[in-house]
Structure formats: structure tokens, C-alpha cells
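**Student:** Protein sequences, first through last, are from chains A, B and C. So our numbering is basically just the index in the first sequence, starting at one, shifted up by 8. So our numbering is basically just the index in the second sequence, starting at one, shifted up by 10. So our numbering is basically just the index in the third sequence, starting at one, shifted up by 571.
Since the hints were made in silico from the structure, they are not lab data. No residue lacks a Cβ here, since even glycine has one placed at the ideal position from N, Cα and C. Possibly wrong hints are sitting among the right ones.
As the list claims (entries may be wrong) - Some, not all, of what chain B presents toward chain C, calculated at C-beta under 8 Å:
hint: 1; residue: Leu153
hint: 2; residue: Thr155
hint: 3; residue: Gly177
hint: 4; residue: Phe178
hint: 5; residue: Ile179
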Amino acid sequence: MAAVIPDPLDHHHHHTPSGLMRWLTTTNHKDIGTMYLIFSFVMFLSGGVMALTIRAELFQPGLQVVQPEFFNQLTTMHGLVMVFGAIMPAFVGFANWQIPLMIGASDMAFARMNNWSFWLLPPAAILLLGSFFVPGGATAAGWTLYAPLSVQMGMGMDFAIFAIHIMGLSSIMGAINIVVTILNMRAPGMTMMKMPLFCWTWLITAYLLIAVMPVLAGAVTMILTDRHFGTSFFNAAGGGDPVMYQHIFWFFGHPEVYIMILPAFGIVSQIIPAFARKPLFGYASMVYATASIAILSFVVWAHHMFTTGMPATGQLFFMYATMLIAVPTGVKVFNWVATMWRGSLSFEPPMLWATGFIFVFTMGGFTGLICAIAPIDIQVQDTYYVVAHFHYVLVAGSLFALFAGAYYWLPKWTGHMPSERLGKLHFWCSLVFFNVTFFPMHFLGLAGMPRRIPDYALQFADFNALASVGAFGFGLSQLIFLAAVVKCVRGGKPAPAKPWDGAEGLEWTVPSPAPYHTFEDAPLVK
Amino acid sequence: MHTLMLVICLVIFVGVFGVMFWAVIHHRRSRGAVAANFHENTTVEIAWTVIPVLILLGMAWPATKTVIAMKDTSEADITIKATGYQWKWGYDYLQGEGEGIRLLSSLSTPRNQIEGAAAKGDNYLLEVDNPVVVPVGKKVRVLLTANDVIHSWWVPAFGVKQDAIPGFIRDSWFKADKEGVYRGNCAELCGRDHGFMPIEVHVVSAEKYAAWVAEHKEKAAGAAADEAREWSMAELMTRGEQVFGTICAACHQANGKGLPPTFPPLDGSQVVLGDKAGQIDIVLHGRPNTAMAPFGGALSDADVAAVITYTRNSWGNHTGEAVQPAEVKAGRNKS
Amino acid sequence: MSETLERYFVPEPSRFPIFGSIALLLFGAGAALWVNQVKAGPWIFFLGIAILIYMLFGWFGQVVRESQGGKYGTRVDASFRWSMGWFIFSEVMFFAAFFGALFYVRALAVPALSSGENEALLWQGYNGAWPNAGPRALDTAAVEPFTPMGAWGIPAINTLILLTSGATLTWAHYGLLKDKRGQLKLGLLLTILLGAIFLGFQAYEYVHAYGELNLRLDTGIYGSTFFMLTGFHGLHVTVGAIMLTVMLCRAVAGHFNAQHHFGFEAAAWYWHFVDVVWLILFVVVYWL
Ligand code: HEA
Ligand code: HEA
Ligand code: CUA
Ligand SMILES: [Cu+2]
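Same shape as in the complex, but just chain A (with noise of 0.2 Å):
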């Protein structure tokens, strides 16, 4: 691959301001990336404290450190915080910095439009957490939102909305932009079929944010209109039906969790082959995976509501659909572990986590598929055990996904190489003390306790306390990720052009750190 390596004094055209000026109003993917990924982690963090919370009221049987309102605020404000400001915003920052970068283009298509995204987030994040202190407090009715119950709540519920709005239109205009990027503004010679996994997998989750945003909106939007002017569309008494908001919400929600984890396959994607020395195995037929599982989930979103009496026709097609998204997944996975199939391997932190996710996501997946068996999931349904399901495939797929991504391009953005040790340690770390929290979790289900409750019979206590220890480990783990961001931020062994000796792609082509412009003349890719 031939790539022209910017100039570094080739500023003149840009007079950038500096300071906080500068954050506010850049155009530049990098910066915009930047600040994604601050965010994003940012509120990693105030929905990791709130989870914590939980946590600590369920150590015990009885009710100690929060009561039951405040609980089901935490619930509901820990699951919001986590998928919308944390999980998905992490991803878009990945997509910013990495998608030019890896098309060899010279910023997002919309460079101005990139940073409106971005910096509607922090206003929906105020008006979401600053719901907690309006009277009556944040919306409790879970991160679902079901009507009537989302009917009922104060005026915390109308903040939720419209932070809900804010960040749908942040997403779709992100997208838009992602999908135009790809589409347009790859370099000559970069096809289609030549581009990396990330961004193929980017830019079907973009199409996907554009289907599903919108569809969200609209729920939202009736659930405001049921609440303050009288229409009647969950409310039986006038015709409506509570139901059809979930029927509404899953549509959206079901492409939504594979919003959060087709980016996470891409990461994935370009670690493993990197790590492995050895291309992809099955690079096309990645990617028909990947549109497949978009395409199924769109026909699967009755699988969250097996218990609310839906025909049994009905039971079985969603069984039926839902069901068939374990072979696409199941082709990536046999195709990273054919990737690693007599590769020559090495375990740096990046592939530590890639493994890690492999490893952990696809038993996550399999207790989803668990889930999709329609009379297990009876007993299942809204029970710890779905807990137990989603965070093995949100935490330990998506946010696994997230950190090996950050370690494998941290060198990429900073120019220094993060230390190894701190890694490793908060790879063994957050692998061993996420199984303590979680894995209980299956047992708890199974024996019958239900989720989103703040206290429990006592049968529950001994697997509850583990879990609660388990997620302060967790907990106290991440710190070590900061710890090692911010030194590697602050210094480290310079890294060069291309740190991993098995990495490809054009990212690996400009110095380390990536120079503020890079590829205003595209590169030739032969």
C-alpha cells in the first residue's frame, strides 16, 4: 500500500483556536474522537457508580443503603447511561478517529455536522443525570421505558425523553455521516471488499442507527403525548394497547444491541489477524455475516416479550428467528478461531482482550440463545439470568471489544506505547472479577430471582454477596485502564509508525501519533 505522508507544515489553510475554543468548535475527526472517548468514558463511570449501588443494596437481604424508588432510579439510570452514553458513543469514537484514517480519507464527510454530534451528547447526558435532582426524581420505570408504567413517573420521565431525543438525533446525524464517509470519501483503489472489517461492520450498524433511531423517537414521542396530552395509544381504556410500546420499543431495541456489539466484531476483526500474523479467514463471508445479523434483527424483537401472551404462532416464528442469528455469529466465530489456527501467535494486551472477548461473548451468546428457547425463556424472562445474559455479551463483548481496541490504536493516537504490565493486569483482573460478578448471576436466575428488585428472599443471599464483591473488584479494576491511558497520554516508549508487526492498513502508514491532518491528498491504494 502507498500512502502520502502528509506534510507537517501543511497548516496554512486552518487557523485553529486554541484552548477551550478549540474543543467547542473543531472540525477535526481526531479531536471529535477525542472527545467521544473521554465522554464515553466518563459516563463508563457514573454508570459504573451507579451500579455499584445496586450492587451494594443487593449484598444483603433487607433494605440498607437506598430505598426502593431510589433503586429502581439506579436501575433504570445505570442500564440509559451505560447503552446510550457509554457503550455507543465509545464505538462513534473509534468510528471518527479510525474510519479516515483507515480509507485513507482526509476527515469525516461532515466535518462540522461531526461536531455537532458530538457536543449534543454532554447536553443530553445533563439533562438525563440532571433528572436525579428535579422534583420526584429520575424516571424509574426501567431502561425499557414500558408504558404504562413510563405513564405514571414524574417529571424525571420527561427529561429522559427528551435526553432520548437529543442523543437519537446525535446518532443519526453520526451515522449519516459514517455512512457518507465510507461510501464517498474512500481513496482510490479502496474498494468496497478491500476496506478493513471495522469499517464494513461501522457501516452497517450506521444503517442500522438510521432504521431504529427514528422508530425510538416515535415511542418516546407517544409516550410523552399519553402522559401530558391525553392520547390514548398505551392506554386500553381508549383503545390503545401497553403491548404495542413494546412491540415499538424491541423493534428499535433489538437492532440497538447489535448496534453495540457489530462495531465490537469489527475491532475484533482487526486485532485478531494482526496478532496472529496471518490474514482474516473468511474476510467475505464476514461480511455477509454481518449484514445477515443485521438483516435478522429486524425480524426478532418479539423475543423480549414471551410472557405477554402473544399467540403461540407468534412464540414460535420469533423462537424460529431469533434462533437462526446464532449461525452468522457462529460464522465469526469460527472464523477468528480459524484466524488463530496455526498462526503464530502472541498475547499482547490488545490480543489478550480480543481473546478474552471470543472467549467470554460467545457464552453470553449462548445463554441468549438459551434465552430465545420460547418456554425456557418463560422462566427466564426478567429474571437475573437475562441480567447475567446481557452482561456477558455487553460487558464482556462490547466493552471488552473497547478495550482491546483502545490498547491496539492507543499508540496510534498518543504517540507513546502503553505499558504492558498495566494491561495485562487489568485484562487478568477484569476477566477474573467479571466472571465473580456475573456468573453467579445464571444461578440466581435459574433459582427464580427476579431482576430489578432491591431486596430478596433469603434463599438468594449467598450468590448475591459474591456478585457484590465480584463488582467492586470489577470496579477497581477499570481504574487500573485509567491509570494506564492517562500514562501513556503523559509518556511512554515512543511508538512508531507501525507498533504491531502483524497490523495492516493504512492507519499503520502515518507516524504515531497521527499528525492533526492526514490524507488531504488521498492516498493510492493498489
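Once you've looked at the hints, dock chains B and C with the ligands against the given chain A.
**Tutor:** Okay, now just chains B and C with the ligands, sitting in the frame of chain A:
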């Protein structure tokens, strides 16, 4: 049916961990090796698309049979309608032996156990004041609905979990083959005390069941006579205090101060101090789109009369007015 | 793709986005307070709107200047096309949520409520013939009966108006392509006028619904879906008309030429999208 599920679970788990360890060994073995260069193999790729499909088909088959069996609610011996309220369950025996029985069943674990002031009992949070009683070996069909928000009626040992949707009826069934006490929880987030609305089902022999039904019928007959007559203020106040404690205090609090802003105080409320008909209307029909649900279905005329009298003459409210069951009856008919 | 690529235009740092963010923060907070009857609510809300309008003017003004300044090459133009297409797709999905709600209640919820045990145990006597205001309207003392909106009066005329406006807009586009500036301006003006007439009729229809038909937003599910669908559509007509007005002003100012007029096309796409939504709406909301 439940065992069947567990078996499926186990089979899958064994399969799952087989695949997983297989993969792990692969990673390890290749450590340190020189990279081979292959990245495409259509046969393998097709194989690992097709084999999972077959495994999935194998899983889908028994699951399908179970789904169909679970949906078959025909030919029930007894039909019970369960209604979810924030935060308790109401039961109406609609059909079969015991027809006509109604009861309200709420958490009976004392507050001090929850707050840690007393040692927790064995059935902590899983015990109720009025359990549902059913005969052993009979197919019981449960109709579910809710009064305010969605709840979910779940007794793990019966393998039954069915959401109770306000304004709609859903159904499910179970048949208990062994006598005993079966416990469960509300499984759908329904607000503050979602964690505190358990379900307790007593499965008893046919004779015991008949005795229980007879006892209940007697009580109900007494209550019906009560409805008609004129009540004294003192009677209304005692009955009212009791109803308020079990039902209204969950939101409006025993001291009548509520939990503003969500739950308004009744102490000093304009509605409570105002026109009687207005309050009767609110309590019977609720306020749409708020937690204040209609209680006309759950409470008898006498209960409503008593609780209204109680709220009008407690705390700082001194209207001195008593509300009679007859007035409530009129309120029901009016709209 | 040619080997000698033009450089892609990357705008300079801009302060408009942050204004937009502050605007939406105030907008959201103000609206949330307003619906809860907090006095400051509307003030904050309108302050947000004002900043938003300032931001939109500034931002789009700059885009127009950049465009006229010839900074946008063919690739930027292609970007705009893609993005407008996807933006309209996202709008389609937003409407899909509401249309979906309408189909759901008509095909599933209302029939379910009016039959079987739902009817027998909870809503006795509810027959569910569409349109209706839900089972609670059985109680005619509490909920006054309403008359549904007919299809063949104003709505049919409005359909014609919108269809005509689509034609006049295309006529204007031909004018632009053939460099007939007069035809362009006249076509745009006509389209905008038709849009305004449409909105006028719509407003009249709402007044009529509230005043004479007793059909309101809270008239059960029929009122909910009717007003939310037509209301959001009306909002989109308004936005589309504003876009076209801007284009008219630009046309008058001499902008656009036969090759380079994406702004105009974007507004036109949007207008046609709004048209199509109306057609579906006319069929499923008014007619069937
Ligand atoms: C990143 C997010 C993510 C991902 C990727 C998934 C992936 C999957 N999920 Fe999960 N899910 C959630 C996030 C996610 N989920 C969340 C947040 C909830 C709860 C929401 C709430 O209620 O709050 C939830 C809930 C949830 C439910 C509802 C449970 C309930 O409430 O009762 C169900 C039921 O079907 C389900 C199923 C699945 C399935 C089948 C997959 C599949 O995609 C998994 C596929 C993967 C594999 C199967 C493993 C790899 C495959 C192989 C190695 C091939 C060979 C395997 C076989 C042939 C078996 N999920
Ligand atoms: C999207 C991702 C995501 C992530 C990353 C997490 C992360 C965690 N979650 Fe999750 N969770 C959800 C998404 C997520 N969650 C969702 C969607 C729900 C459903 C909500 C609902 O029901 O509506 C949920 C619900 C949920 C529940 C169930 C609550 C209930 O049903 O009542 C629990 C309970 O244990 C829990 C725990 C945790 C823990 C311990 C972590 C940990 O991984 C968090 C670790 C992070 C930190 C701890 C912060 C970092 C450290 C510091 C700030 C330093 C200070 C630390 C110490 C002093 C120790 N979560
Ligand atoms: Cu009732 Cu949860
Ligand atoms: Cu799902």
C-alpha cells in the same frame, strides 16, 4: 414440562462447553508457531453454517412442542382471574368449585424485618396475608389482567409466567400434582414495591379445598348483608383505617402525607375536604394516566365508604362527614 | 475515480454546532419543565428555539456562501446527495413508527379488546367498529361521542393541492435545468403558495374537528393517531415550505445554475417525500 426444559438446558450446556474448550485448545496449541497463510476454505465455511442450523433444528423441535402444550388452556377445572394492583394481587374465582370467592393478597412480611430491625423469617418476602388456595391434581386456568401497570404472575415451580396487562385478559394454566405451598413473585417492574408483591399458592386436598370454600362463602354472605345497611361512624372509621392501611398507605402513606410530588398528600387535600361525590368518583374510577388507579373493582361499597370516611376524618381532616355504602353504590351507577 | 483527486473540502472550526447544542439543551429542559407546568418552562423553551433559529440561519448561511464561493467540488456534492437521502430515510422510519401504531391498533388491539374474554370480562358491549374512541367511550356520559373526519371533503381537496404542488415543483426544476429563471421562480412560488393553502385548510379542518365534530387529541386511539399523524405531517409541510422559501430567495438572488443546484434538489426531494407521506396518510387515515 419443567423437567423437559431443564433437560434441554443441560444438553445445550454440555454442547456449549464442548465447543468452547475445543476452541481454547486450538488457541494454545498454535502458540509460538510460524504463521501459515490460508484465509479461505469454502467447504469448511459451508460446514459450519450448516451444522449449527442442524443443531438449532434439533433444539427447536422439542421447544415447539412445549410451546404448543403451554398454550393449551382448554378444559380447565377451575378458572381464577388474577388482577395485579400496585402492589398486591387480587383473585376472583370465576368458575368451578369456589366460584364467587374474591380475595386480595398482599405481602405479609413485617416492615421491621425488611429494615433489619428484626430477624428475617424463613419465607422472607415470599409470604402473603391471603394465599390462593387450589385443589391438588386439577387443571387451573389463570386469567390475568392488571389495574394500573403491567405486572407478571410467576410461580417458578409451576413453570408459569404470564404478564398481566391492564385492559386486556391473558391466560395460562397449571396443574399441581403435589400438595404444598408454592411461592413466586411479580416478575415485571411495576413501580416502587415491585420487589414486594409475592404470590403464594396453597395446593390442598379436595376435602380441605371444599372446607376452605365453605368457610369463605360464609364470610362473604356476612359481608353482603353488611353492604346494604347503614353504618355508624365508628364502624366506618375502624374498617376504613384497616382498608387504608392495606391499600392506600402504599402510596399516600399511613400518615396521609403521601410522597410528593408523585403521590399527593390526602391530609389537607382539596378533594378530600371538598365534595363527597368528587372523592367517591376518584376512588372508584381513578385518575387516568396516574398511579391513582380505579379501586371500584377491588373494593366493595362498604370498603370504599369506610376508607373515604376515614380519610375525611383523620390527620388534619375534620369534615365530620360519614359516607355510606349506599352513596358509593349511587356513585358507581352514575357513570 | 480519477487519479488526480480534488481535495475534499473540510470546513474550518465553527461555533455554530455548540450554539445548536445549547439551543437543544434549553429546548429540551424548557419543554420538560413546561409540560409539568413549571412557569419558567416556556421561557427557556422559546429561548432555545430562538438560539436554534439563529444557529440555523448562521450555519446554512455559511453553507450557502461556501457553496457560492465554489468550495464544494463534485465529491462534496455527492456527499450531500447521500446524506439527504439517508436523512429522508430516517424520517420515513419516524413516520413508520406512527403508521405502525395505527396498523397495530386497527388490526390487533381494537379487535382483541372487542372480542373474547377481553370484551366479556372487562369491556362489555364494546364492539370496536373503526373509528372509535376506545372502550371507555361506551360510557357516553363521561366521554361525549364524536364524528369521524370524512375523506371526501377538505382532505380530498388537500390531496389534489399537494399533488399539484409536486407538479409545479417539477416544472420549476425543468425551468432551472433549461435555465429559464422565470419558470423556476414562478414554479417555486406556486409550490409554496399551494403548501400554504394546504396548511390553511389543515388548520381549518382542526378547528372544525374540535369545534363541531368533537374530535380531539384525547378522543381515544382514533383521535390520537389522527392528530399525531396529520400533525407531524403538517409540521413537515411547514418545514418543507420554509426550505422552498429559502430556495426561492436564493433563486431571486441569482443562485443556482443548471449544473449546480443541490440545495434546490434537496428541498424538492423533501417536498416529494412529504407528498408521498400524505398520500399514504390520506388512504389509511381518512379513507379506509
Ligand atoms: C450486545 C448486546 C447483545 C447481543 C450481541 C445479544 C445477542 C443475543 N441475544 Fe440478547 N439481550 C441483550 C443484549 C444482547 N444480546 C440485552 C441488553 C437484553 C436485555 C434487555 C432487557 O430486557 O433489559 C437481551 C435479552 C435477550 C433476550 C430476552 C430475554 C428476556 O428478557 O427474557 C433474548 C431472547 O431470545 C436474547 C437472545 C439473544 C440471542 C439469541 C443473541 C445472539 O445474537 C447470540 C448469538 C451468538 C452465539 C449463539 C454464540 C456464538 C455461536 C457459535 C459458536 C455457533 C454455534 C452455536 C450453535 C449452533 C448453538 N437476548
Ligand atoms: C451497556 C453496558 C452495561 C455495562 C458496561 C454494565 C456494567 C455493569 N452492570 Fe449493568 N445493566 C445494563 C447495562 C450495562 N451494565 C443494562 C442495560 C441493565 C438493565 C437496566 C434495567 O433493568 O432497566 C443493567 C442492569 C444491571 C443490574 C440489574 C439491576 C436490577 O435488575 O435491579 C446489575 C446488578 O448487579 C448490574 C450490574 C452491573 C455492574 C456491576 C457493572 C460493572 O461492569 C460496572 C463496572 C464499572 C465501574 C464500577 C465504574 C468504574 C470504577 C470507578 C468509578 C471507581 C470507583 C470504584 C470503586 C470504589 C470500587 N447491571
Ligand atoms: Cu407487580 Cu412487579
Ligand atoms: Cu433482543
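**Student:** Taking the earlier hints as the rules, which of them does this structure contradict?
**Tutor:** Of the numbered hints, all hold.
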